[in-house]
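Turn these sequences into a full structure, and let the hints guide you.
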Amino acid sequence: MSSFDGVTPLADMFAAVDRLRALPGSGNDLANLLPEQSAIYAGRPSGDAERLRGYVLASFEQTGLPETAMAFVVEELESGNSPYVVAAAAKAARGANAVPEHIVSLLLDAIERISQSDDFVRFKHAEPLENGAGATTALMELFRTLAWLGVRASTALPSLEAMLQRRPSAFSDAVRADIENAITAISRADRPKAPSCCADKSFSGALIPPNRADVDDVELQDQDGKVFCFRDFFPGRISVLTFFYTRCMNPNKCSLTITKLARLQQLARDAGLHDQINIAAITYDPAFDLPKRLYQYGANRGLSFDDRTRLMRSTGPFDPFRHRFELGVGYGSATVNQHRLDALVLDRRGWPIASYPRIQWREEDLLGALRSSLDAAAGTGR
Amino acid sequence: MPVQIDIPGADTQGRVFLTWTPVQATARLVGGTAAGPVNVTLSNAGTVGGVVFDAVRTDQGASTLQLAVPGDGTPVKFWIAGEFQKPSSAYGDAVVQATDSTGTAVGTKPVMVRIRKNAQTLPAPERDRFLAALGTLNAQGQGAYRDFRDMHVAATSAEMHGNVGFLPWHRTYVLDLERALQAIDATVAVPYWRFDQGAPNIFTQDFMGEADANDRVVFRPGHALEHWVTDGQLGITRGLRFGLNDPANINNDEAATLALGGSGNQYSGFHQMEIDPHGSAHTSFDGPINFVPTAVRDPLFFMLHANVDRLWAKWQWAFHRANPTDQAAYARPSPPRIGHNLGDTMWPWNLVTTPPRPRTAPGGHFPSTVVTPLPGATPKVQDLFDPLGVIAATTLAFAYDDVPFELPPTVVAGGSVVAGDP
Amino acid sequence: MDVKDYRKSYEDQLAAAAAQRNETAARPGLSGAEAGGSVIRSFRNALRTPMTHDEFNDNVRQLIATLQNSALTTQIRLAALQALKALAFLGDKFAPFRAEYLAALRQIARPGVDPELCEKALEVLAAEKDPDAQDLLRRGLRDPKSALVSAAKALQFLSYDDHSNVADLAFSIFNQLPDLGAKEAALRVLGTNPKSQDLFANLLKDKNQPLSLRTLSATGLHLLNPQKFADIAQQIVGDHSDSEDIRASSLGALANTLTDHALQTNSNFQNLVRQLGADNSLQNLSAAARRMLPKL
Numbered sequence: 001m002s003s004f005d006g007v008t009p010l011a012d013m014f015a016a017v018d019r020l021r022a023l024p025g026s027g028n029d030l031a032n033l034l035p036e037q038s039a040i041y042a043g044r045p046s047g048d049a050e051r052l053r054g055y056v057l058a059s060f061e062q063t064g065l066p067e068t069a070m071a072f073v074v075e076e077l078e079s080g081n082s083p084y085v086v087a088a089a090a091k092a093a094r095g096a097n098a099v100p101e102h103i104v105s106l107l108l109d110a111i112e113r114i115s116q117s118d119d120f121v122r123f124k125h126a127e128p129l130e131n132g133a134g135a136t137t138a139l140m141e142l143f144r145t146l147a148w149l150g151v152r153a154s155t156a157l158p159s160l161e162a163m164l165q166r167r168p169s170a171f172s173d174a175v176r177a178d179i180e181n182a183i184t185a186i187s188r189a190d191r192p193k194a195p196s197c198c199a200d201k202s203f204s205g206a207l208i209p210p211n212r213a214d215v216d217d218v219e220l221q222d223q224d225g226k227v228f229c230f231r232d233f234f235p236g237r238i239s240v241l242t243f244f245y246t247r248c249m250n251p252n253k254c255s256l257t258i259t260k261l262a263r264l265q266q267l268a269r270d271a272g273l274h275d276q277i278n279i280a281a282i283t284y285d286p287a288f289d290l291p292k293r294l295y296q297y298g299a300n301r302g303l304s305f306d307d308r309t310r311l312m313r314s315t316g317p318f319d320p321f322r323h324r325f326e327l328g329v330g331y332g333s334a335t336v337n338q339h340r341l342d343a344l345v346l347d348r349r350g351w352p353i354a355s356y357p358r359i360q361w362r363e364e365d366l367l368g369a370l371r372s373s374l375d376a377a378a379g380t381g382r
Numbered sequence: 001m002p003v004q005i006d007i008p009g010a011d012t013q014g015r016v017f018l019t020w021t022p023v024q025a026t027a028r029l030v031g032g033t034a035a036g037p038v039n040v041t042l043s044n045a046g047t048v049g050g051v052v053f054d055a056v057r058t059d060q061g062a063s064t065l066q067l068a069v070p071g072d073g074t075p076v077k078f079w080i081a082g083e084f085q086k087p088s089s090a091y092g093d094a095v096v097q098a099t100d101s102t103g104t105a106v107g108t109k110p111v112m113v114r115i116r117k118n119a120q121t122l123p124a125p126e127r128d129r130f131l132a133a134l135g136t137l138n139a140q141g142q143g144a145y146r147d148f149r150d151m152h153v154a155a156t157s158a159e160m161h162g163n164v165g166f167l168p169w170h171r172t173y174v175l176d177l178e179r180a181l182q183a184i185d186a187t188v189a190v191p192y193w194r195f196d197q198g199a200p201n202i203f204t205q206d207f208m209g210e211a212d213a214n215d216r217v218v219f220r221p222g223h224a225l226e227h228w229v230t231d232g233q234l235g236i237t238r239g240l241r242f243g244l245n246d247p248a249n250i251n252n253d254e255a256a257t258l259a260l261g262g263s264g265n266q267y268s269g270f271h272q273m274e275i276d277p278h279g280s281a282h283t284s285f286d287g288p289i290n291f292v293p294t295a296v297r298d299p300l301f302f303m304l305h306a307n308v309d310r311l312w313a314k315w316q317w318a319f320h321r322a323n324p325t326d327q328a329a330y331a332r333p334s335p336p337r338i339g340h341n342l343g344d345t346m347w348p349w350n351l352v353t354t355p356p357r358p359r360t361a362p363g364g365h366f367p368s369t370v371v372t373p374l375p376g377a378t379p380k381v382q383d384l385f386d387p388l389g390v391i392a393a394t395t396l397a398f399a400y401d402d403v404p405f406e407l408p409p410t411v412v413a414g415g416s417v418v419a420g421d422p
Numbered sequence: 001m002d003v004k005d006y007r008k009s010y011e012d013q014l015a016a017a018a019a020q021r022n023e024t025a026a027r028p029g030l031s032g033a034e035a036g037g038s039v040i041r042s043f044r045n046a047l048r049t050p051m052t053h054d055e056f057n058d059n060v061r062q063l064i065a066t067l068q069n070s071a072l073t074t075q076i077r078l079a080a081l082q083a084l085k086a087l088a089f090l091g092d093k094f095a096p097f098r099a100e101y102l103a104a105l106r107q108i109a110r111p112g113v114d115p116e117l118c119e120k121a122l123e124v125l126a127a128e129k130d131p132d133a134q135d136l137l138r139r140g141l142r143d144p145k146s147a148l149v150s151a152a153k154a155l156q157f158l159s160y161d162d163h164s165n166v167a168d169l170a171f172s173i174f175n176q177l178p179d180l181g182a183k184e185a186a187l188r189v190l191g192t193n194p195k196s197q198d199l200f201a202n203l204l205k206d207k208n209q210p211l212s213l214r215t216l217s218a219t220g221l222h223l224l225n226p227q228k229f230a231d232i233a234q235q236i237v238g239d240h241s242d243s244e245d246i247r248a249s250s251l252g253a254l255a256n257t258l259t260d261h262a263l264q265t266n267s268n269f270q271n272l273v274r275q276l277g278a279d280n281s282l283q284n285l286s287a288a289a290r291r292m293l294p295k296l
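Protein chains in written order, with the working numbering: chain U, 1 to 382; chain V, 1 to 422; chain X, 1 to 296.
The set of hints was computed from the structure by calculation and includes no laboratory data. In this text, all values refer to a predicted model and were calculated from it rather than measured experimentally. All residues carry an ideal CB built from backbone N, CA and C; glycine is no exception. Only true hints are included.
Covered, in the sense of this in silico footprint (three residues per stretch, anywhere, with C-beta under 8 Å from a C-beta of chain X), are these stretches of chain V:
1. 248 to 254
2. 271 to 282
3. 289 to 303
Some but not every residue of chain V turned toward chain U, in silico, with C-beta under 7 Å:
4. Gln142
5. Asp147
6. Pro335
7. Pro356
As structure tokens, then:
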């Protein structure tokens with residue numbers, strides 16, 4: 001697959017994935033294709049990038065889901081809004097030997113999120129996407145994963161019953177049949193299908209390995225048009241840094257990230273920590289997200305700007321930040337084509353000390369991480 | 001001796017905006033030292049907008065009112081309302097005048113009777129003020145119109161479509177935009193596109209634009225919407241699928257729409273107007289206004305929905321359905337869904353972003369205005385039922401040119417709702 | 001008019017309308033004998049009285065079946081599609097049918113289908129950001145022989161998705177096709193790509209370009225580089241040798257966003273605007289100037 005890139009025709013890509021998924025032990029090779037910045041997505045329109053990524057994800061039902069790929073599955077179930085990719089994530093979960101504790105709530109949330117955007121999905125590229133025998137929809141795949149979980153999904157039973165009882169129904173007859181199957185499978189299974197992994201580790205920030213990329217001299221511009229370098233803002237205080245862009249097509253990602261930053265800001269104020277931390281977000285799309293646009297985007301989501309809270313764009317390319325912070329973002333011809341959730345805590349040098357990729361962080365948890373960092377910094381003088 | 005006329009809800013420039021709803025005002029002698037009261041006559045000295053007066057809260061206001069104004073400067077109360085079917089065109093074309101017994105004017109107060117009008121017959125100056133405010137709100141894609149765009153997308157559709165809350169939510173939405181426009185120009189009201197009638201004056205280069213052969217909407221040079229931007233492409237795409245002089249491709253005209261409630265005039269039937277004429281009006285075009293996720297790219301959306309709201313307001317007036325506690329005035333959500341019950345606050349103005357609500361709430365709380373404290377920062381469904389205040393003696397500060405203020409049969413003039421009656 | 005009299009008059013109108021109301025569809029064009037027409041008529045009749053949920057569901061199923069039925073006339077199938085588009089506004093209520101609806105549209109959005117029906121189906125799919133529909137549209141732009149819709153329409157449909165990579169194709173269309181409509185459509189989507197700034201600036205300054213292209217360039221440049229736009233617009237507004245229309249258009253764009261520019265406090269510019277506002281011989285330009293005056 002190393003010879004494939006963003007200009008390889010999609011049909012060829014699907015065929016290559018088909019060949020790979022047929023090979024024993026190919027799970028890790030497929031997992032390497034998932035990161036958003038992978039060359040196979042570069043330059044593609046978002047729709048194509050999503051189709052390809054979903055196609056790779058769906059393969060894990062057949063090959064088994066490596067542990068390294070579980071975070072991708074969780075992110076899609078938690079935040080994805082593409083029925084195709086969410087369906088693929090549901091299929092991928094069925095290849096797992098161990099699933100997160102909260103997999104059931106993830107599946108139920110995904111069902112709620114895409115209930116009004118259900119669509120037929122296909123994961124064998126040679127087949128037409130039509131309403132034929134054996135065709136499934138995104139919702140059906142989600143319910144099938146609940147069925148696969150068996151008794152592990154017993155906490156979902158009340159919700160599933162309520163879905164069936166609801167009048168008028170929000171589900172087609174085919175989907176309702178899968179809901180019924182899931183209820184039957186969950187009710188009858190006498191032992192868990194897949195052992196759970198240990199408690200949810202989603203909010204335990206990972207360290208970013210040091211790398212040589214340096215962003216200190218990268219020029220930034222904030223929502224008020226002020227220009228400064230990275231080194232002028234971040235060093236000196238503990239910082240939370242997230243990434244976003246105003247044209248993000250998934251409201252569960254960038255729009256929500258900035259909304260949560262605003263809530264984090266308020267929590268920090270209430271805790272008396274606001275003066276001690278920076279709250280910042282840098283746009284993936286600096287050429288389009290000019291200051292006025294940054295200002296509107298943040299203000300409309302409740303962010304209150306001051307010297308310590310800013311939305312920013314790089315006045316030059318964004319690449320230095322991609323490399324420095326190992327961000328999961330890919331680009332089409334004009335803008336981002338897909339990206340993961342990314343949040344970082346930086347120390348007083350502006351170095352990342354914790355990273356929270358692919359999860360919907362809670363404001364309280366991030367505040368706790370900031371508080372810990374402040375305490376640790378007070379102890380070490382860093 | 002001069003008479004000062006005070007009407008509540010004046011803005012920082014002292015301007016007063018009325019609708020058809022009576023508001024309680026006062027008149028008092030300035031520097032009064034007279035021993036006894038001074039008789040004055042209140043009347044309308046304006047040339048376009050009309051106002052009516054009464055001593056009590058009523059729907060039978062008269063063009064004049066005699067007042068005995070205490071000589072010591074104590075204010076005397078009276079009620080004033082816009083005269084139905086005589087809305088203003090500009091601020092100050094309605095004038096409250098107090099004359100003494102010699103016929104000399106002793107006090108004047110210019111006001112505006114600010115009313116939502118039929119866009120087809122909207123005078124050019126009013127049209128242009130509306131467009132100018134709209135263009136400023138959009139600010140070539142950089143303005144606060146973006147919030148309105150972000151509120152009405154696929155991911156948020158359950159908050160406002162397919163259920164009983166469709167009408168109150170969109171009433172709130174149009175009012176939110178109208179207040180945003182009024183923050184730019186207080187004399188503006190959102191005009192409605194009456195889609196069951198031909199509206200050739202709307203789809204012109206001077207108003208909402210004229211489609212070229214590729215459905216690109218063209219405006220005259222310098223028009224306030226000429227540089228309209230939302231997302232995806234510059235400008236507006238809108239192709240008419242009906243003749244310019246014809247109504248839109250709807251099945252239910254106004255009378256048929258009002259009849260949807262059946263012989264009992266029930267909301268449970270009436271709100272089916274969401275399909276037709278509402279849905280049919282949207283899909284009478286080619287272009288983004290056809291689809292829920294993209295409809296707000298086109299500012300015609302708000303004129304379409306002003307008419308949807310006017311139809312609801314007309315139905316409420318015609319069948320006395322302004323009281324949310326009236327079981328015929330509303331219905332239970334079906335399927336059950338938060339945001340559609342009478343006592344529910346409405347997203348996004350409630351800033352609630354925990355599922356099943358959408359994860360973000362663009363635009364913040366509902367905007368306040370000096371004219372009225374209603375519906376408040378986090379309006380509930382029930383707060384949008386009585387815009388003219390026929391039940392609750394309060395107002396949302398908007399009205400339509402063909403929906404009058406009329407006290408329901410169970411309310412006596414000057415009184416309130418008889419207990420136990422809708 | 002007294003409100004009681006108004007009420008009486010209105011109630012009389014409603015009563016008269018009820019008496020006249022025709023239970024059959026009043027819309028022209030569907031004959032009683034036309035296959036599939038009964039479904040459409042039945043649906044339109046159903047709109048006049050409250051539908052139960054079962055009736056709603058039955059109507060939707062029949063409309064989708066009508067849309068899918070290639071044995072029916074285009075007119076009937078278009079009528080079914082129009083009805084379904086209106087129903088699609090209903091969110092939760094329409095949700096059970098959405099997958100089938102999209103599947104039916106995919107069967108129609110392909111070569112060999114009536115062009116009007118195909119185009120309408122493509123638009124709906126494009127608005128849903130369907131990748132297959134986007135592929136078809138992009139393919140048609142690259143290879144006009146395979147195009148299912150005009151270049152202008154293809155660009156419009158692709159613009160429903162900011163992330164459809166339409167800008168690259170739009171550059172090509174703009175440069176290669178002589179058709180003004182296609183060029184306009186191309187510029188409209190190029191506004192999403194910051195790399196278009198120079199093209200917009202050059203077109204805006206070029207007095208030989210058609211007005212529509214210069215106007216669209218003004219919009220695009222303002223979106224992508226407000227300061228650069230303001231600099232050029234200021235020159236255009238003051239250039240009496242340029243067309244009144246582009247001067248009016250440029251001034252109109254500045255009027256919407258004046259507080260964002262240093263021009264608001266530029267005394268030379270203010271004087272120019274006042275002069276233009278007072279010159280009644282310049283209709284559009286004066287109107288644009290007068291719109292700006294209160295903001296100075």
